[in-house]
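J.: Here are the chains, one letter per residue:
2 protein chains.
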Amino acid sequence: MALNTSYTVKLPDWLVDELPGLPSHIGSHAQQMALVNRLADRNWREGNGGPFAAIVVDHVTGELISVGVNVVLSTGISSGHAEVTALGLAQARLGKWDLGGDRDLALVVNWRPCIQCYGATMWSGVRHLVVAGDGPELEQLTGFDEGPMVADWAEQFERRGIEVVQDVGREEALAVYRAYGISNALVYNARGQS
Amino acid sequence: MALNTSYTVKLPDWLVDELPGLPSHIGSHAQQMALVNRLADRNWREGNGGPFAAIVVDHVTGELISVGVNVVLSTGISSGHAEVTALGLAQARLGKWDLGGDRDLALVVNWRPCIQCYGATMWSGVRHLVVAGDGPELEQLTGFDEGPMVADWAEQFERRGIEVVQDVGREEALAVYRAYGISNALVYNARGQS
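Chains as they are written, first to last, in the working numbering: chain A, 572 to 765; chain B, 572 to 765.
Hints in this document: simulated from the structure, not taken from any laboratory. Every residue, glycine too, gets a C-beta built ideally from N, C-alpha and C. Warning: the hint list may mix true and false statements.
What the hints assert, rightly or not - Derived pair list, reagent style SDA-like, types lysine to any residue, alpha-carbon separation capped at 25 Å:
id, chain 1, residue 1, chain 2, residue 2
1, B, LYS667, A, GLN603
2, A, LYS667, B, ALA663
3, A, LYS581, B, SER595
4, A, LYS581, B, ASP612
5, A, LYS667, B, ASP612
6, A, LYS667, A, GLN603
7, B, LYS581, A, ASN575
8, A, LYS667, B, GLY647
9, B, LYS667, B, SER595
10, A, LYS581, B, GLY672
As the list claims (entries may be wrong) - If you want the ones that stay clear, here's a sample from chain B, every Cβ over 10 Å from chain A, calculated:
id, residue
11, HIS600
12, ASP612
13, VAL736
14, ILE753
What the hints assert, rightly or not - Now the stretches of chain B that chain A is said to cover, found in silico as 3 or more residues with beta-carbon under 8 Å:
id, stretch
15, 572 to 581
16, 633 to 640
17, 657 to 671
18, 685 to 692
19, 720 to 729
With the hints as constraints, model all of the structure from the sequences given.
T.: What follows is the structure, given as structure tokens:
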């Protein structure tokens with residue numbers, strides 16, 4: 572069998588259908604995160620991957636540049652987390668890897684990125700990272716392993732010129748993880764009993 | 572402008588042309604790394620991205636499953652490091668995100684992964700990581716920032732069932748970085764003087 576020469580990360584159909592109805596600009600971090608939390612909740616219910624979503628927006632105007640969700644299950648690509656997907660879609664749209672060269676862009680995501688996406692954010696050129704929260708709640712509620720992170724993760728961003736804004740829409744994010752965790756537990760029990 | 576719904580990471584033409592001529596199986600770590608080091612050296616000279624390559628192989632048979640290089644410059648996708656590319660191509664070929672479910676696969680790469688690819692390797696399902704080396708030489712010779720890594724990075728892999736094999740083809744890897752670094756310095760000086 573010949574070796575593959577490309578792979579594609581694509582959004583699920585339900586999200587493609589939603590895109591034309593999204594506002595072209597979303598002004599506040601709170602409104603941006605409300606969209607992220609809503610998409611994260613729908614994403615796991617649709618079965619595309621974990622309860623995670625991310626968007627890239629213009630920090631000044633609020634223009635929506637890209638929308639991503641975790642598509643690991645729907646694409647079969649393990650790097651297809653919400654952040655990598657949103658960053659890749661923004662780069663494909665703008666036609667360059669450096670999202671900070673001549674724009675002032677922010678990545679908005681519903682928790683502190685996992686160790687992979689921590690690096691993906693760092694190398695993307697975005698100048699701002701907006702998260703719903705950090706801390707152990709995500710892993711405790713969902714069962715996901717987020718990987719080994721340095722203690723001064725936010726300072727490491729700041730040192731590289733990336734502002735970190737925390738605790739935006741935190742309660743709504745936790746509600747999504749809680750719903751996912753309960754669902755998972757039921758699925759597990761059901762399988763364990765079968 | 573409509574939002575993008577997919578992005579594609581693809582190999583550069585010179586590597587696509589090379590694929591049919593590669594052996595279907597490569598038996599030893601040393602031979603595997605020799606290929607990786609050779610492709611890494613050609614990659615930066617061709618202008619596709621940094622001096623990095625990675626392959627996914629069957630740990631038992633040596634079957635070559637995928638070949639990746641750093642394609643950040645040629646694709647405009649900042650996550651397109653050699654490891655993410657090789658893992659994504661292997662997953663596209665095998666049709667699933669979990670490279671460890673029913674196979675015993677290894678990722679072979681010409682240095683300890685950066686912080687993004689550290690996580691990407693961890694979540695990919697591979698059971699072995701073979702590296703040419705770790706330590707500050709890569710950053711010193713090339714100028715690349717590899718990101719903030721925990722001190723016990725290898726133990727964190729082992730704890731998750733991923734064996735780490737170190738110092739395979741180390742001198743050849745360093746020679747590639749040295750050549751890249753010297754070249755870069757010349758380019759920098761030339762621009763600085765213009």
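J.: Now, for every hint given, state plainly whether the structure supports it.
T.: The hints, checked one at a time:
1. B/LYS667 / A/GLN603: violated (32 Å)
2. A/LYS667 / B/ALA663: holds (24 Å)
3. A/LYS581 / B/SER595: Roughly 30 Å between the alpha carbons, so the hint for A/LYS581 and B/SER595 is violated.
4. A/LYS581 / B/ASP612: violated (31 Å)
5. A/LYS667 / B/ASP612: Since the Cα atoms of A/LYS667 and B/ASP612 sit roughly 23 Å apart, the hinted pair holds (cutoff 25 Å).
6. A/LYS667 / A/GLN603: holds (24 Å)
7. B/LYS581 / A/ASN575: Roughly 9 Å separates the two Cα atoms, so the pair holds.
8. A/LYS667 / B/GLY647: Status holds; Cα separation ~4 Å.
9. B/LYS667 / B/SER595: Judged against 25 Å, a Cα distance of about 21 Å means the pair holds.
10. A/LYS581 / B/GLY672: holds (23 Å)
11. HIS600: Answer for B/HIS600: holds, closest chain A Cβ roughly 20 Å.
12. ASP612: holds (20 Å)
13. VAL736: Fine: 20 Å to the nearest Cβ keeps B/VAL736 off the interface.
14. ILE753: holds (24 Å)
15. 572 to 581: holds (count 10)
16. 633 to 640: holds (count 4)
17. 657 to 671: holds (count 12)
18. 685 to 692: holds (count 7)
19. 720 to 729: It holds, with 5 qualifying residues against the three required.
Violated hints, listed in ascending order, are 1, 3, 4; each of the other numbered hints is respected by the structure.
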